[in-house]
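> Single-letter residue listing:
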Amino acid sequence: MAIELNAYIEGIGLLGPGFTDWPSSRAILCGLQPYQPSKTVIPAPELLPAAERRRASDIVKLTLATSLEAIAAAGLQQENLPSVFSFSNGDGINCHSICEMLASDDRQISPTRFHNSVHNAAAGYWSIATKNMATSSVLCAFDASFGAGLLDALTQVVVDKTRCILMASDTPYPEPIFSKRPISDNCGIALMFTPQADSKAIARIKVSITNDEADQFDDTGLEALRIAFPAARGLPLLQAIAQQNNRRVVLDYLDNTRLAIEVSPC
Amino acid sequence: MKPTFNPLFISHFTATSCIGQGLQQTLDALRQGKQALKPCDFETVDLNTLIGEVAGVDAVKMPADMADYNCRNNRLAKLGLEQDGFNDAVNMAAEKYGRDRVGVFIGTSTSGIFETELAFRHREPVTGALSADFIYSKTQNTYSVADFTRQYFKLTGPAVVVSSACSSSAKVFSVARRMLETGLIDAAVVGGIDTLCLTTLYGFNSLDLLSTQACRPYDTARDGISIGEAAAFALLEKVPASLPANGVLLLGIGESSDAYHMSSPHPEGLGARIAMQQALQSAGLTPSDIDYINLHGTATPSNDAAEAKAVTAVFGSNTPPCSSSKGATGHTLGAAGAVEAVICALALQHGFIPAGLNTSEIDPLLNLNYQLKNSNQSLNRVMSNSFGFGGTNCSLIFGLAQNERHGSWQSN
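Taken in order, these protein sequences are the chains called Z and X. Per numbering that gives the first Met the number 0, the very first residue in the first sequence carries number 0; after that it's consecutive. Per numbering that gives the first Met the number 0, the very first residue in the second sequence carries number 0; after that it's consecutive.
For the record, the hints were derived by calculation from the structure and aren't laboratory data. Since the structure is predicted, the reported quantities are computational estimates derived from the model, not experimental observations. Built from N, CA and C at the ideal position, the CB exists for glycine as well. Please note: incorrect hints may appear among the correct ones.
Pulled a few chain Z residues facing chain X out of the computed Cβ check, cut under 10 Å [what the hints assert, rightly or not]: (1) P81; (2) I92; (3) Q107; (4) Y124; (5) S144; (6) D151; (7) P171; (8) Y172; (9) K179; (10) S183; (11) Q195; (12) R247; (13) V248; (14) V249.
One chain only, chain Z, in its complex shape (with noise of 0.2 Å):
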């Protein structure tokens, strides 16, 4: 007999190319306003000292912010609480000025720029602003990477029975990888899981493994984001919590593995 991948959510953070946050978009998603893509904005992350704010690079603050967007609404505090990152690039200017300096004749890059440089620099710096002491698992699927941090969140939820906050956050590199890598700005999504229904749960989701197609979006523009951004693969989930609507949803995984999300309103 397998577990059942069955969770609630009881909170969303979402930043990104025309989504400003999860209340805003929720419209947006259900076709009642247009989505018009526009820059990515990032909140400044008030947990973090005001040195560390000004000297955070984009996943820092992209993350924190999603995470307490999805935090808040759950009614929790942040301490104490199992977290996965899957992180589909890093931080790829800090990648771009290490790559560029040792291939100069300096190659003395600093230590601030090294230890930024592990994929899970942004984990460590949220474990450090949010005082949070519990495990983190730190993930890279490339274009997979949500369908993949969805599972390993689900796994915590079933398996540990714990409540567990998912994070996904795609940052750009600049040029000359970004020719390579184009992802052109800073997406992502936190979703805030829990093994039992409360007052804060706003949708049940059971999730299995499939071959069928992918669900994609009507609208043009919502399509295009949803193919340019590996975060926003989880974008029809958003879509069919927004719809408050009984509705089983395919997500991209990896090639013709993907993830099948029956959803449910609560």
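We have chain Z; now place chain X onto it with these hints.
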């Protein structure tokens, strides 16, 4: 104490590092105290340090239909997968369970960044563009080595890379374990691969964390790490009805975050302590059940001091025998968790505690039972610690099948 963790069977495992390709060479090297760290002559690197380089990585040929994956990290992964019949074991598992029922969970910190470092030296002079044959997705991207492994075996199940610096390939056991527990998969290829590159060599140098000698974990005069590279793999399955007596089980996992500093451990080792305590709790064990601890033991002043405090806090002043294998292999960073899991498995199967190399005077402030000589004694359960930048901690507990009560295993 009742375990909260259903054990998993490590049906096959293998490791390739500077001390040897495959299990026999690795075991022989550990028994002989082989010193394989050498003065750094990697590529154009000009640093006064030692490295643990795997011989022959550049000679590895990618499969014909996987040329796009060609980079040092994936070449080392292929070399590692083809030792000890590990590739045959994965293929047999795929045939037994189905190619969609075998997951791939690999830890790496470097991925194929070395390829990008080289590509940046050969940018198009006018536009600055990278050359057409640089393929980001198959080399540099952090997922590359899990993608390579999945495609190498033509698997179609779940796959992901865990990249949390030097805990990466310890934490893959946790991701795989949860996935197995749900029944989404029946077997998991877990592993760790990290390769030498300029980013880690010059990066650790910038933090003054590279030793100019072969690293000396837990020595009074320890002064930094020696960077190594490695590929290590394990095949995880649910515990079958009958097990070989010397089969190795994964019994417990503990994980935590320091929430303290990006590149320094919590000075009291608080996160490390939580990880070890959780690992014991999950396995339903007490500290006295652990017969050997394979320490993280990087040989930086702060890591070993913090880890020693954490071990003493959990195990008391009379700790089990402890050693760090990084004096032999170097610090293989994202591969260290998997390499040291394999060393733990060898220690269990061969009743053997490997000495910590290079250490001559154990730091009296670090009150551990640190082993400077190899010893032969039967081991039932051992612990392996892996900690990393960003304050990420993971402790794993392994045991011999003959000692475990299988009644505690709940078959789904």
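> If a hint holds in the structure, say so; if it doesn't, say that too.
Hint check results:
no., hint, verdict
1, P81, "holds (9 Å)"
2, I92, "violated (14 Å)"
3, Q107, "holds (6 Å)"
4, Y124, "holds (7 Å)"
5, S144, "holds (8 Å)"
6, D151, "holds (6 Å)"
7, P171, "violated (13 Å)"
8, Y172, "holds (9 Å)"
9, K179, "holds (4 Å)"
10, S183, "violated (15 Å)"
11, Q195, "violated (18 Å)"
12, R247, "violated (18 Å)"
13, V248, "violated (18 Å)"
14, V249, "violated (16 Å)"
Hints 2, 7, 10, 11, 12, 13, 14 from the list above are not met by this structure, while the remaining hints are.
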